[in-house]
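Colleague: Sequence:
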Amino acid sequence: MKKATNSQTRQSEILQHLKHVGSATVDELAELFRATPQTIRKDLTTLSEANQISRFHGGAALLAGTVYTGFEARREIARAEKESIGKSLASRIPDNCSIILNAGTTTEAVIPHLEHHYGLKVVTDSVHLADKLRHFTGLEVMIPAGVIRGADGVVLGESAVEFIRQFRADFALVGTAAIAADGALLDYDLREASVTRAIIAAARHVFLAADCRKFGHGAPVCFGHLEQIDTLITDAGAGKPFLEACAKNGVEVVIADQREETDAELA
1 MKKATNSQTR QSEILQHLKH VGSATVDELA ELFRATPQTI RKDLTTLSEA NQISRFHGGA
61 ALLAGTVYTG FEARREIARA EKESIGKSLA SRIPDNCSII LNAGTTTEAV IPHLEHHYGL
121 KVVTDSVHLA DKLRHFTGLE VMIPAGVIRG ADGVVLGESA VEFIRQFRAD FALVGTAAIA
181 ADGALLDYDL REASVTRAII AAARHVFLAA DCRKFGHGAP VCFGHLEQID TLITDAGAGK
241 PFLEACAKNG VEVVIADQRE ETDAELA
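For the sequence shown, the working numbering assigns the number 1 to the initial residue and increments by one for each residue that follows.
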């Protein structure tokens, strides 16, 4: 347990904790910082008003685009939403097709739901995702050569870009670090952005998998725009500005049904 000496210090430590774990409930933070739930709620309100975190019922999460958090921490941010997005996306992938799957914690969530597909040819820029996919029968996996980023297994470099440019896949499944209000799709790594740009160009139909927390925030590198996306799979928290931006750019929006995941957990 920690005991912050004042609200400013405690709020700073809460923010650092969220950068490490991705999200936390009010009760978890109250126990960790030896404060009342009411005090923690006030701290979270202050951090939210400062555009540092995103509030949800009973807790808070780090905003997408605030910093480039570690892979494990990013996996925990909006975990339930990502799971429902992954399931919804997999249901739209037919058997006997080719897909290019880019690295990310949201796109990773689609993998368990591809297990019973057959005849898929999958290209991915992640050795981590390729390792998960290789166990599925009736599925062929290809990865490019390049430099592997140790933190998450992403394959980077010009050789990866050139490899992907050889394909004309049926579908691309991509994620994003953030979506600007003007529709720009953003990331943190210039090399990764080059690979994702090639993935988008190499597919006939582009799916973007992104929870609603990604909208309206920033990251330094632009790899594309909503106008290049055919279908967005997101969660029920998507607000009016997000949906209007999609409509303006001709993007089909699919709201993943998180109730199905909740019902499954309770069963």
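To be clear, the hints were calculated from the coordinates, so they are not data collected in a lab. Do not take every clue at face value.
Here are the computed lysine to aspartate or glutamate pairs in the EDC-like style, where the Cα-Cα straight-line distance is at most 20 Å [as the list claims (entries may be wrong)]:
no.: 1; residue 1: LYS132; residue 2: GLU162
no.: 2; residue 1: LYS132; residue 2: ASP182
no.: 3; residue 1: LYS42; residue 2: ASP27
no.: 4; residue 1: LYS121; residue 2: GLU162
no.: 5; residue 1: LYS19; residue 2: GLU31
no.: 6; residue 1: LYS19; residue 2: ASP152
no.: 7; residue 1: LYS240; residue 2: GLU227
Colleague: Against the 20 Å threshold, does the CA-CA distance of LYS132 and GLU162 hold or violate the hint?
Modeller: Measuring from Cα to Cα gives roughly 24 Å; hence the hint is violated.
Colleague: Next pair to validate is LYS42 with ASP27; report whether the Cα-Cα distance is within 20 Å.
Modeller: Satisfied, since the Cα-Cα distance of roughly 13 Å is no more than 20 Å.
Colleague: With the threshold set at 20 Å, check whether the alpha-carbon distance from LYS19 to GLU31 stays at or below it.
Modeller: Between LYS19 and GLU31 the Cα gap is close to 18 Å, so the pair holds against 20 Å.
Colleague: If you draw a straight line from the CA of LYS132 to the CA of ASP182, is it 20 Å or shorter?
Modeller: The hint is violated at about 35 Å.
Colleague: Quick one, are LYS121 and GLU162 close enough, alpha carbons at most 20 Å?
Modeller: Distance of about 18 Å is within 20 Å: holds.
Colleague: Starting from LYS240, check that the Cα of GLU227 is at most 20 Å away, please.
Modeller: Since the Cα atoms of LYS240 and GLU227 sit roughly 18 Å apart, the hinted pair holds (cutoff 20 Å).
Colleague: Are LYS19 and ASP152 close enough, with their CA atoms no more than 20 Å apart?
Modeller: holds, 17 Å
Hint check: violations occur at hints 1 and 2; the rest are consistent with the structure.
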